[in-house]
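For the protein sequence lines, the chains are V and R, in the order given. Residues in the first sequence are numbered from 1 upward in steps of one, following the working numbering. Residues in the second sequence are numbered from 415 upward in steps of one, following the working numbering.
Be careful, since some hints might not be right.
[What the hints assert, rightly or not] When the alpha-carbon atoms are kept at most 30 Å apart in a straight line, the in silico BS3-like pairs for lysine-lysine are as follows: (1) V/K201 <-> V/K116; (2) R/K438 <-> V/K408; (3) R/K525 <-> V/K26; (4) R/K438 <-> V/K30; (5) R/K525 <-> V/K408; (6) R/K544 <-> R/K477; (7) V/K249 <-> V/K79; (8) V/K30 <-> R/K544; (9) V/K26 <-> R/K438.
Hint data in this document are derived by calculation from the structure and do not stem from the laboratory.
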Amino acid sequence: MESSLKHTSLLDLEAIRRDFPLLSRKVNNKPLVYLDNGATTQKPTAVIDALTHYYSYQNSNIHRGVHRISQDITVAYEKARETVQQHLHASYPHEIIFTKGTTDSICLVAHSFGKKYIAAGDEILVTEMEHHSNILPWQQFCENNGAVLKVVPVTDEGTLDLIVLETLLSKKTKLFAFTHVSNTLGTINPVKEIIALAHSKGVPVLVDGAQAVPHLAVNVQELDADFYVFSGHKSFGPTGVGILYGKEKWLQQMPPYQVGGGTIKRVTFAKTEYADLPLRFEAGTPHIEGGIGLAVALDYMNNIGMDRIAEYEHELLVYATKQLSVIPGLRIIGEAKNKASVLSFVIDGMHPNDIGTLLDQQGVAVRTGHHCTQPLMDRYGIPGTVRASFAFYNTMAEIDILETATRKAVKMLA
Amino acid sequence: MNIAEIEKEIEEEFSFFEGDWEAKYEHLIDIGKFLPLIDTHYRTEERLIKGCQSQVWLHSELKNGKVYFTADSDAIITKGIVGLLVRVLSGHTPDEIVDANMDFIDTIGLKEHLSPTRANGLVSMIRQMKLDALAFKTKV
Chain V
1 MESSLKHTSL LDLEAIRRDF PLLSRKVNNK PLVYLDNGAT TQKPTAVIDA
51 LTHYYSYQNS NIHRGVHRIS QDITVAYEKA RETVQQHLHA SYPHEIIFTK
101 GTTDSICLVA HSFGKKYIAA GDEILVTEME HHSNILPWQQ FCENNGAVLK
151 VVPVTDEGTL DLIVLETLLS KKTKLFAFTH VSNTLGTINP VKEIIALAHS
201 KGVPVLVDGA QAVPHLAVNV QELDADFYVF SGHKSFGPTG VGILYGKEKW
251 LQQMPPYQVG GGTIKRVTFA KTEYADLPLR FEAGTPHIEG GIGLAVALDY
301 MNNIGMDRIA EYEHELLVYA TKQLSVIPGL RIIGEAKNKA SVLSFVIDGM
351 HPNDIGTLLD QQGVAVRTGH HCTQPLMDRY GIPGTVRASF AFYNTMAEID
401 ILETATRKAV KMLA
Chain R
415 MNIAEIEKEI EEEFSFFEGD WEAKYEHLID IGKFLPLIDT HYRTEERLIK
465 GCQSQVWLHS ELKNGKVYFT ADSDAIITKG IVGLLVRVLS GHTPDEIVDA
515 NMDFIDTIGL KEHLSPTRAN GLVSMIRQMK LDALAFKTKV
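Kindly produce the complete structure, drawing on both the sequences and the hints.
Shown next, in the form of structure tokens:
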């Protein structure tokens with residue numbers, strides 16, 4: 001393919017793909033074409049080795065240990081925190097809280113920030129394109145505390161309606177939680193502009209970066225985000241670890257979410273004095289190797305270069321859009337101008353699950369269904385989509401396979 | 415034909431497709447297309463099988479001591495699988511339906527080829543058919 005050669009100068013795909021053992025697997029006797037990166041990404045050998053190395057040579061509990069290996073791993077864990085800080089361009093390491101993942105990070109803010117700053121009758125704003133993880137914690141908080149959930153609508157092409165957003169931001173709004181990149185539509189929201197607008201009305205924001213961090217450079221200071229959250233496993237790191245970035249000024253004021261070992265300065269039965277940031281929010285023994293592995297994953301991406309990743313993935317998206325959109329009856333869901341490498345589509349008269357099943361038979365892994373965005377599916381009046389989501393290790397040749405396989409599925413289902 | 419005979423018939427039918435996923439799925443799709451449609455007024459929330467990624471509706475009726483199933487799905491491959499289940503279980507006594515082991519699903523490689531979420535749907539579907547038969551038992 002001419003198209004697959006054209007881009008070899010941008011990224012050394014052969015070398016990159018060698019770093020990801022799983023990509024050489026076969027599925028249904030065919031080479032795996034892994035296009036479900038929005039759900040989770042594969043892991044480079046560097047990350048896998050870091051986990052093995054941890055259990056082989058470093059395993060010890062962090063913090064408070066007086067012995068050598070405990071001190072060593074504490075240093076490594078705190079260094080991982082600094083790597084995340086630098087990756088997000090946060091001001092301080094203690095603004096980085098290790099969590100279980102994006103969902104856990106959002107739940108932490110909903111409980112802790114909510115408890116301190118949101119009262120009955122106040123409003124929390126989300127958008128119609130949110131993943132359920134960025135709806136349910138707020139919905140539950142509202143139900144339990146008498147606050148009101150408001151929703152910013154999505155336009156036909158899949159962008160946020162910024163005019164309506166402006167009218168919804170009021171004195172009652174205590175927090176605006178929205179996604180950086182839509183997991184279903186691929187839309188990259190104009191985060192900086194949206195945050196400036198929210199701040200001009202005195203509203204702090206939480207940005208769900210789960211689908212942004214694996215694809216583009218994020219600078220939380222430049223964006224002026226109050227909270228920014230993402231997951232390790234969607235960014236080539238281990239499962240079960242995630243990040244909550246919070247501005248110091250908020251985190252300092254917020255009460256602990258989960259409490260227990262590691263979160264304290266002094267405990268008596270009468271009263272407990274909690275630890276400073278970030279430990280106050282990290283109850284129990286953390287996912288130590290997860291944090292370390294995540295830092296290795298971020299280093300791996302930075303070695304390639306976030307700008308080069310974004311540029312290459314944009315070319316993947318453009319090529320995939322061009323190849324798929326000419327398939328008769330195929331309609332792309334999410335046509336914003338500014339998109340990450342996510343391609344959702346439906347085909348007239350065909351169920352997404354049928355297409356997904358037939359693609360799987362041909363070795364192509366995509367996701368079908370509502371992608372945990374049921375309100376968004378309702379908005380478009382569809383039961384679900386077929387979603388191909390790309391990472392920097394995908395190739396133009398794989399897009400050709402996706403196209404051929406989709407055409408075959410359509411022919412069989414017609 | 416009794417249930418075991420129908421299962422054997424399906425196994426033989428599918429043995430032609432060994433190693434040919436395309437022919438196998440085309441056959442499933444064909445079965446889906448010929449599934450006797452459920453009356454639209456039975457396509458209700460109450461008759462929806464939970465556990466399926468795609469939607470499946472099941473309706474059961476007792477006539478002369480035998481249970482008759484009709485079903486529908488919004489996805490054609492799921493409908494094909496449902497069609498097989500209806501073909502095996504429909505028109506038999508509640509006892510025969512409750513006792514059916516349904517091993518043919520494994521034999522024809524459907525459990526293995528469909529994703530766990532779908533397999534769960536299949537399991538829910540079979541469970542619902544047997545539960546309905548069980549409920550009819552008291553009326554026979």
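Now for the hints, and whether the structure bears them out:
For the proposed pair V/K201 and V/K116, the alpha carbon gap of about 20 Å is at most 30 Å, so the pair holds. Restraint check for R/K438 and V/K408: the C-alpha separation of about 14 Å stays at or below 30 Å, so the hint holds. Using a Cα cut-off of 30 Å, the hinted pair R/K525 and V/K26 holds, with the two alpha carbons roughly 19 Å apart. A hinted pair counts as satisfied when its Cα atoms are at most 30 Å apart, and R/K438 with V/K30 qualifies at roughly 17 Å.
Between R/K525 and V/K408, the direct Cα distance comes to roughly 23 Å. Compliance with the 30 Å bound is thereby established for this hinted pair. For the hint pairing R/K544 with R/K477, the CA-to-CA distance comes to about 16 Å; that is within 30 Å, so the pair holds. For the given pair, V/K249 sits about 23 Å from V/K79 by alpha-carbon distance, which is consistent with the 30 Å threshold. Annotation: proposed proximity of V/K30 to R/K544 is violated, straight-line Cα distance about 38 Å (limit 30 Å).
Distance hint between V/K26 and R/K438 is fulfilled; the C-alpha atoms sit about 20 Å from each other, no more than 30 Å.
Of the numbered hints stated above, the single one contradicted by the structure is hint 8.
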